[in-house]
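Letter by letter, the chains look like this.
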Amino acid sequence: MAPVDKDSAGLFGPDGLAVESRGFFADSVLRLCANRLVILAAVVLAILAALALFAPFISPYDPMKQTLADSLHGPGAKHLLGTDELGRDILSRIIYGARISLSVGLVSQLIACSIGVLLGAIAGFYGGFADTLISRTMEIFAAFPELLFAIAIMFVLGPGVINVFIALGLLSWTHYARLVRGQVMLLREMEYAQACRVCGGSNARVIIRHLLPNCFSTIIVLVTLGIPGAILTEASLSYIGLGVQPPMASWGQMISTAQQYVSFYPYYSVAPGLAIVITVLAFNIFGDGLRDALDPRLRR
Amino acid sequence: MSSKFADSAIFRRNVPEEKIPIEDMAFIVEGNSAPLLEVKDLKKWFRVSKGAFSSGGAVRALDGVDLDVRVGETVALVGESGCGKSTLGRAIVRLLVPTSGSVRFEGENLASLRSETLQKKRRDMQFIFQDPYASLDPRMTIGDVIAEPLDIHRICASRAERSSRVGEIMETVGLNPSYASRYAHELSGGQRQRIGIARAIALHPKLVICDEPVSALDVSIQAQIINLLKDLQTRFGMAYIFISHDLNVVRHIADRVCVMYLGKFVETADKRDIFGSPRHPYTQALLSAIPVSNPRVKREKIVLKGDIPSPANPPSGCRFHTRCPAATEVCRQVSPELKEVAPGHRCACSRMM
Amino acid sequence: MGDSGTVVLSVKNLQTSFPSRNGKARAVDGVSFDVGRGETLGIVGESGCGKSVTALSIIRLVGEPGRVEGGEILYGGRDLLELPLGEMRRIRGNKIAMIFQEPMTSLNPVLTVGAQISEALRLHEGLGKREAMARTREMLAMVNFPAPEKRAKEYPHQLSGGMRQRVMIAMALCCTPDVLICDEPTTALDVTIQAQIISLIEEQKSRTGAAVLMITHDLGLISEMADRVIVMYAGKIVEEGTKMNVLTNPLHPYTEGLLNAVPRIDRDSGTLDVIPGMVPNLACLPEGCAFRPRCSRASEACLMSPPRFETLGSDSSFHGVNCWLAESAS
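Residue numbers (this note's numbering), protein chains in the order written: chain A, 1 to 300; chain B, 301 to 653; chain C, 654 to 983.
Everything labelled a hint here was simulated from the structure, so no lab data went into it.
Just so you know, nobody snuck in bad clues.
EDC-like, lysine to aspartate or glutamate: derived pairs with alpha carbons at most 20 Å apart: (1) B/Lys601 with C/Glu855; (2) B/Lys420 with B/Glu338; (3) B/Lys598 with C/Glu855; (4) C/Lys806 with B/Asp607; (5) B/Lys605 with C/Glu856; (6) B/Lys601 with C/Asp880; (7) B/Lys605 with C/Glu855; (8) B/Lys598 with C/Glu856; (9) B/Lys598 with C/Asp880; (10) C/Lys803 with B/Asp607.
Could you build all of it, start to finish, from the sequences and the hints given here?
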């Protein structure tokens, strides 16, 4: 019996120094914080989120309020970024536009993620006919050019914010499904997944308790990297008039309208354009940083 | 033995009141009924596709194996890579579905059980994996890993009961219970293997299959784990199927030894007979190939020629004939059966008949 | 000090360390030894004892961020640590060759084994393409490769582990090195294949007269192959001597523990003796003797300062130990 207990002291270093305990997330957050650029991106995203959440309190004007007398004013003390063709404050419209852009990005990716993770996990875990069916469907979806596909869905569903969510969700679920399928196929052969089955765990338990949590970091990276794509597609859809409908403010739609005035009033298109660029860049940098931070191979 | 653990309900089941030496226990069981585990003519073939249009052949990882395991005994499966020892272990707990043959556990054929009944049966059959890194979910705390079997079979009524049970199990395997909230990657290989053992014994199984449980560990840590496994066996009366390529370790822990070569048993006997008077040329070569750390011991070494053939394309007749120093024309043609050569000692070699 | 031949390679006070979060980890800390021509020196220890880092330091292939910080490695009258990199490359693989544990990762998967061996020959020996190919086939035949003509055209993944290790040995021997470093050459192989590889290495050693540095955790392998043995623990040599002395009359408690912890085929006992605890973290070694926390015979003296290396026995049956107990006994 004696030898059994001796090793228990081994978790401590030779001089009683305990090996520090750190969970998966604490460790990842620490490594995320080590990268300055990522922190900058995170701050930008936090500001954007705050703008979107508190838009009514922050924006200087009502984004819908038209003051035709003030139309197409340049930036100035009264309107920091100027006004549009109907005399609406551009800054306020951009702040409200952040609501649309961020929610389109998040919601569409959550929809895509739910469909993709569910189908990907089923295909990867069960294989066989389910896998063939889901994989072929994925290939069909992936075969269409993205924007054309979004346009086609929007034509069927009709314009509107909710429909943009659905269209973009349907557009990108295949990314999630393909990734999760591959990961699940790999992880289901891992010994810890088999250990759960030996203990009598059901398939659902293996998937939910072991496989998906271990896919989580890749999924979250894909979400952060998928959001900017969705924001851009929404902008494109709104630009061609199939996305968010006026008088609601959306960055893409603002650029679309600004195009008519670009020759004599360039400020109008610069502001929403910059907003898109900054947001997309911030998401991309943050996503890349997150991927590095969550990569198990880079753990100590 | 004085820990609270031994008194808890699941551990009382089937534990003899006093420690009974393994030999006596085997005797008792022989007296009353069927063995704990009965494997009959088990086969596992893996299909391989050679291309998009041809179906290809099959890898005969396991090609007709019979095995009985009695309550409380340790049976070792020994052999080199590709001999099918791991496949056999996995087929017994149905991590792999056998191609044909039967596995009866306590008289019930596992293949005929409905999936819920099979899940319940799995309580009594557990598995210890080789790799102490891959076998623990990196996202779970040690406490959650050990509690998983308890959760699955809904053994604990409350969180408090669950954590106290986990603490007891951790103490039993020599882990400090305060590590329950830590993650496995913070521990050393030996301690991780203790977690794997803790998970396997949490439900107090009647049979534990140990798949190379010490081969990934350092020499001095190996001894700790082997001692732990032996100690747990005397306390809880489990039977072990001990899969290993290391005959030194097997000699230390096994009661009976089955030597495998390319998906078949070539020799099965009590430990004493296998190590004292090996009959099969393969067993003899295997034993002589092990380096002995005492430089005073001088032994005749049998160096086998050639490589282990691929199980996808095993040799005709006796599968060992390509490397056997005593092979004859008969060996090339006739596949020998496992025959009793002495009481309890079976050997599959044409020269023995 | 060895009983055979002239000294080929001499390592003096080697220091190699790796930076780590908790400070500098001294993976090799003051290791010194000589290897003579035709001699096999065994280095044993558990993972993390510094045996592999010692080997990598000798051929100057310690991976970043590790650094050889001090000491001398004398070969052919010169200190290898001082040589320019170009000159070192000519020695490495040519005069000092190494065999690794996992042959799959040391062979290039997209080149045939024949091409890899002949490349080494052309590089080091300056042979022409045809000559190199002919020598390659000779080498493969020498390591008992069946059908060398045909198998030379195969890729590493088409070969079994034992065959790959034969290729590695052929590659290591193709330039008739003076020193052959084997780092756990058979750990990844099956026992019957291990026996083949061992006898192959022995055979080649007696043919070429190379000095062999045999690094392993397996005391059995040491007993079969080595002439002299070095036991390492936490970056230091704890015991050194002839095979007979070290394995039959171990002086250091660690060596003794290691010998008793291994289940042995020639001995049947109940419970195995155990060395409690585990190998310490090299960045925060215990004070005094590094083995003290795991040592059953540790005393006050062991806590005070690291023990000095004590030598016993004559030149022909050399025995040295790094332990306070041995000192107080003598």
